[in-house]
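**Q** For the record, in the sequence shown the residue sitting at position 46 is 46 according to full-length UniProt numbering, with numbers rising by one throughout.
Among the hints, erroneous ones may be present.
Here are the simulated lysine-lysine pairs, DSS-like style, with alpha carbons at most 25 angstroms apart [said to hold, decoys possible]:
(1) 34 with 7
(2) 34 with 71
(3) 40 with 76
In short, the hints are calculated from the structure, not lab data.
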Amino acid sequence: MLNLLLKSGWVPGTESEWAGVAAIQVRSGKSLPKEGYVEKLCALSPALDRLTAAGWIHAALLENEIFVYEKNARIKR
């Protein structure tokens, strides 16, 4: 559904929207190299600001790494 929104020209306008878009892309594209997330987003919607997209993708990647680390730490206890 997000891909359809982006292809139709929708652009995230708020910080919450950017955070959501980035998190969805990171969680759904685990096989992509880190640079691939920005390329994928900008291919879906050329109107996206690449620098803003890169910043939010970076934040989502860090958040995902922390989530996985904490999840694994809980399992070992």
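**Q** Hint by hint, which ones does this structure get wrong, listed from lowest number up?
**A** Violated hint (a single one): 3; every other hint is consistent with the structure.
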